[in-house]
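Peer 1: Below are the chains, spelled out letter by letter.
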Amino acid sequence: EVQLVESGGDLVQPGGSLRLSCAASGFTLSAYWMTWVRQAPGKGLEFVANIKKDGTYKVYVDSVKGRFTISRDNAQNLLFLQMNSLRVEDTGVYYCARDVTYAVDSWGQGTLVSVST
Amino acid sequence: EVVLTQSPGTLSLSPGERATLSCRASQSVGSNFVAWYQHKPGQAPRLLMYGTSKRATGIPDRFSGSGSGTDFTLTISRLEPEDFAVYYCQYYGQRFGPGTKVEVK
Numbered sequence: 092e093v094q095l096v097e098s099g100g101d102l103v104q105p106g107g108s109l110r111l112s113c114a115a116s117g118f119t120l121s122a123y124w125m126t127w128v129r130q131a132p133g134k135g136l137e138f139v140a141n142i143k144k145d146g147t148y149k150v151y152v153d154s155v156k157g158r159f160t161i162s163r164d165n166a167q168n169l170l171f172l173q174m175n176s177l178r179v180e181d182t183g184v185y186y187c188a189r190d191v192t193y194a195v196d197s198w199g200q201g202t203l204v205s206v207s208t
Numbered sequence: 065e066v067v068l069t070q071s072p073g074t075l076s077l078s079p080g081e082r083a084t085l086s087c088r089a090s091q092s093v094g095s096n097f098v099a100w101y102q103h104k105p106g107q108a109p110r111l112l113m114y115g116t117s118k119r120a121t122g123i124p125d126r127f128s129g130s131g132s133g134t135d136f137t138l139t140i141s142r143l144e145p146e147d148f149a150v151y152y153c154q155y156y157g158q159r160f161g162p163g164t165k166v167e168v169k
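Just so you know, the sequences run in chain order A and B. So the numbering used here is basically just the index in the first sequence, starting at one, shifted up by 91. So the numbering used here is basically just the index in the second sequence, starting at one, shifted up by 64.
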């Protein structure tokens, strides 16, 4: 069974940093692109970033470019999202997800990031 | 860049009724690139359709997808109680539409 378990969400002040992790099991992580998606309170789903199977290519939504970094450790079955210079508008639930061809077929339960004074 | 719009914003229907959800792209896109998701509060989103019309694993056949070019449709033939949720279309595995809420009338 495919499982994705996010961790690392927390309350942080504007300008602060967080590192989210996603532990993958039930499949071979190195065989899939992976994605982070977020949902702000009361809003819809928003693509944040994705990363190629071997970590050599990454795509970011414009609003996080230069502040967030997606990375992976295939040997440890882990996906990461390093978030720096956090803003209030980054608040939300962050989901780790597995890519298939032009879609996302498996999702974690999400981890909550709150950016507030 | 492709922008997705979804209509209506909210659809009020009764169980057993047919639901038709629209997703429009700002420019013509390949049908391989359109997916649909169901999202309920407090749960992870669920992939329903990919490549416009292919049902994901375990998705019942009351869900169907169609469309081409700029106009895509998700149809739920007969609403079951568990189908009341928010539905999102997605382009290229990245950009999402704003969602359509299907609520109980």
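Watch out, some of these pointers could steer you wrong.
Said to hold, decoys possible - What the simulated footprint calls covered on chain A by chain B, stretch by stretch (three residues with Cβ under 8 Å from a Cβ of chain B suffice, anywhere in the stretch; the number is not a length):
#1 161-169
#2 175-184
What the hints assert, rightly or not - If you only want the chain B side, here are some residues facing chain A, beta carbon under 10 Å, derived:
#3 F127
#4 S130
#5 P145
#6 F148
#7 Q154
#8 Q158
Simulated from the structure, these hints should not be mistaken for laboratory data. Glycine included, each C-beta is placed from N, C-alpha and C at the ideal position.
Peer 1: Hints first: check each against the structure and report whether it holds.
Peer 2: Results of checking the hints against the structure:
| no. | hint | verdict |
| --- | --- | --- |
| 1 | 161-169 | violated (count 0) |
| 2 | 175-184 | violated (count 0) |
| 3 | F127 | violated (14 Å) |
| 4 | S130 | violated (16 Å) |
| 5 | P145 | violated (22 Å) |
| 6 | F148 | violated (17 Å) |
| 7 | Q154 | holds (7 Å) |
| 8 | Q158 | holds (4 Å) |
The structure shown violates the earlier hints numbered 1, 2, 3, 4, 5 and 6.
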